[in-house]
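Respectively, the protein sequence lines represent chains A and B.
For the first sequence, position 155 matches number 155 in this note's numbering, and the numbering has no gaps at all.
For the second sequence, position 175 matches number 175 in this note's numbering, and the numbering has no gaps at all.
Hint data in this document are derived by calculation from the structure and do not stem from the laboratory.
The model shown is predicted, which means the values in this text are computed figures rather than measured ones.
You may find that some hints are simply not true.
Covered stretches of chain A (in silico footprint by chain B; criterion: 3 or more residues with CB under 8 Å from a CB of chain B, positions within the stretch not fixed) [claimed, not checked]:
| hint | segment |
| --- | --- |
| 1 | 11-20 |
| 2 | 53-66 |
| 3 | 103-113 |
| 4 | 143-149 |
Idealized CB from N, CA, C, for every residue including glycine.
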Amino acid sequence: MSDKASLRVTGLAKTFTLHNQDSAIIPVFEALELEVSPGECVVLAGRSGAGKSTLMRSIYSNYRVSGGQLLVRHRGAMVDLVTASPQQVIDVRRATLGHVGQFLRVIPRVPAIEIVMEPLLANGWSRDNARRRAQELLTRLNLPERLWALPPATFSGGEQQRVNIARGFAQHFPILLLDEPTASLDPANRDIVVGLIHEALADGVAIVGIFHDVDVRERVATRDFVISDFAAKVPEESVPA
Amino acid sequence: MIGDKILLEARGVTVRYGKTVACDDVSLDLRAGEVLGIVGESGSGKTSLLTSLSGRLRPAAGEVLFDVRGQGLADVYALSEPERRRVRREEWGFVHQNPRDGLRLRISAGGNIVEPLLMCGERRYEPMRGTAVQWLERVELDPARIDQRPSQFSGGMQQRVQIARALAHQPRLVLMDEPTGGLDVSVQARLLDLLRGLVRELDLAVMVVTHDLAVARLLADRLMVMKDGRVVETGLTDQVLDDPQDAYTQLLVSAAM
Numbered sequence: 001m002s003d004k005a006s007l008r009v010t011g012l013a014k015t016f017t018l019h020n021q022d023s024a025i026i027p028v029f030e031a032l033e034l035e036v037s038p039g040e041c042v043v044l045a046g047r048s049g050a051g052k053s054t055l056m057r058s059i060y061s062n063y064r065v066s067g068g069q070l071l072v073r074h075r076g077a078m079v080d081l082v083t084a085s086p087q088q089v090i091d092v093r094r095a096t097l098g099h100v101g102q103f104l105r106v107i108p109r110v111p112a113i114e115i116v117m118e119p120l121l122a123n124g125w126s127r128d129n130a131r132r133r134a135q136e137l138l139t140r141l142n143l144p145e146r147l148w149a150l151p152p153a154t155f156s157g158g159e160q161q162r163v164n165i166a167r168g169f170a171q172h173f174p175i176l177l178l179d180e181p182t183a184s185l186d187p188a189n190r191d192i193v194v195g196l197i198h199e200a201l202a203d204g205v206a207i208v209g210i211f212h213d214v215d216v217r218e219r220v221a222t223r224d225f226v227i228s229d230f231a232a233k234v235p236e237e238s239v240p241a
Numbered sequence: 001m002i003g004d005k006i007l008l009e010a011r012g013v014t015v016r017y018g019k020t021v022a023c024d025d026v027s028l029d030l031r032a033g034e035v036l037g038i039v040g041e042s043g044s045g046k047t048s049l050l051t052s053l054s055g056r057l058r059p060a061a062g063e064v065l066f067d068v069r070g071q072g073l074a075d076v077y078a079l080s081e082p083e084r085r086r087v088r089r090e091e092w093g094f095v096h097q098n099p100r101d102g103l104r105l106r107i108s109a110g111g112n113i114v115e116p117l118l119m120c121g122e123r124r125y126e127p128m129r130g131t132a133v134q135w136l137e138r139v140e141l142d143p144a145r146i147d148q149r150p151s152q153f154s155g156g157m158q159q160r161v162q163i164a165r166a167l168a169h170q171p172r173l174v175l176m177d178e179p180t181g182g183l184d185v186s187v188q189a190r191l192l193d194l195l196r197g198l199v200r201e202l203d204l205a206v207m208v209v210t211h212d213l214a215v216a217r218l219l220a221d222r223l224m225v226m227k228d229g230r231v232v233e234t235g236l237t238d239q240v241l242d243d244p245q246d247a248y249t250q251l252l253v254s255a256a257m
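Pulled out of the complex, with its shape left as it was, chain A reads as follows (with noise of 0.2 Å):
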């Protein structure tokens, strides 16, 4: 195990039970390992169901764990997301752990900008800063200017997608969790991300994605990780005879 690891997951487990579907039993995975450092960019491989998004929920502690350690370095310690209270939580994820989904979730009456300005401003970001900010990201991704005062809920996929990743690159997150970040954009726009996360890489910051596109995973992966490797077994019980 190396010292300078910012992500370090061992023995998790994850399981949902589903209480009003006769308690059913969805086992997803156990005994999971894996170590991220400043750097690289782990890429989740595996079958669509294998439980890639839900490794990555996991890890933001947006999905609550059956068992195991999440540790990831928070402000040069090493923090436990499994058993830490709350606040930690909250905080880890405002100074140290960004996670950029497939969809935005669109706050009403928020403006775009505002919407990427938000966790800078959440970090003490002064206004100006945070806004000079916010327009070179969406200007970097290609949001039409006339866009930026307006809330996206009318926006198209690729336009809230992007507006979605302004939002989880302004800052600098050390480790970030991307979910099929090129999901709804064209190749040129594409390119601009792949972009992006490689200025993250040499920055330091070390990445756990998901992408479909052949294409955008093999110029971003420094390390592909099998999920399947560590599928959890099917309860007996659960087992058709």
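Could you slot chain B onto chain A? The hints should help.
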């Protein structure tokens, strides 16, 4: 930024109406800069809990502690009656579901906003009028309407006057009961956006009771899910809504549109 210091704490709070247990052994804590959402359907005990935490309904068991200015964490129900009233008036703000419960309908919008300041000891006319104008602008109402009575405002506007009234005296703790309750969806969105901004800007500790999960998602950092007077699940808002663990929470989330 969420502070380290606990502002409000409940320890094993139980509320009974006769033999009916409205709220059973509830514990929670709340810090500055943090919004805690209490969700659950009608009758789950969330309003009884809020009423008890707000110093208006002595719990049958348990304690409600508040970080009283200059005194530190103190049992709200052990304070003398005048002291408890002072804390409620000066350090807390309330937003009711029905603006008519939070506003005085016979005095002007401006009067409503500054009345709590008056009760906090402000006596000078100019600063009070200035504060009222400032707050009307902040809640996006035309300051020219400062002398109109709440009855001349629409429901959504009344709610904004109530929010201004609840916040103008700079409380540290704000308790809200279904703040966007009876409003149109578009008016709700404006109000939620306004509240989100104010909470961050003023570094408030907020407890918001709602049955609307969309409202909870937008406003709250953490959620507490209540059913039959008990807390069945707590966690970060996105955890509770995206990966609910408890059977009842799963039902609640899957039933939401």
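Quick rundown of the hints versus the structure:
| no. | hint | verdict |
| --- | --- | --- |
| 1 | 11-20 | holds (count 5) |
| 2 | 53-66 | holds (count 5) |
| 3 | 103-113 | holds (count 4) |
| 4 | 143-149 | violated (count 0) |
In this structure, the one hint that does not hold is number 4.
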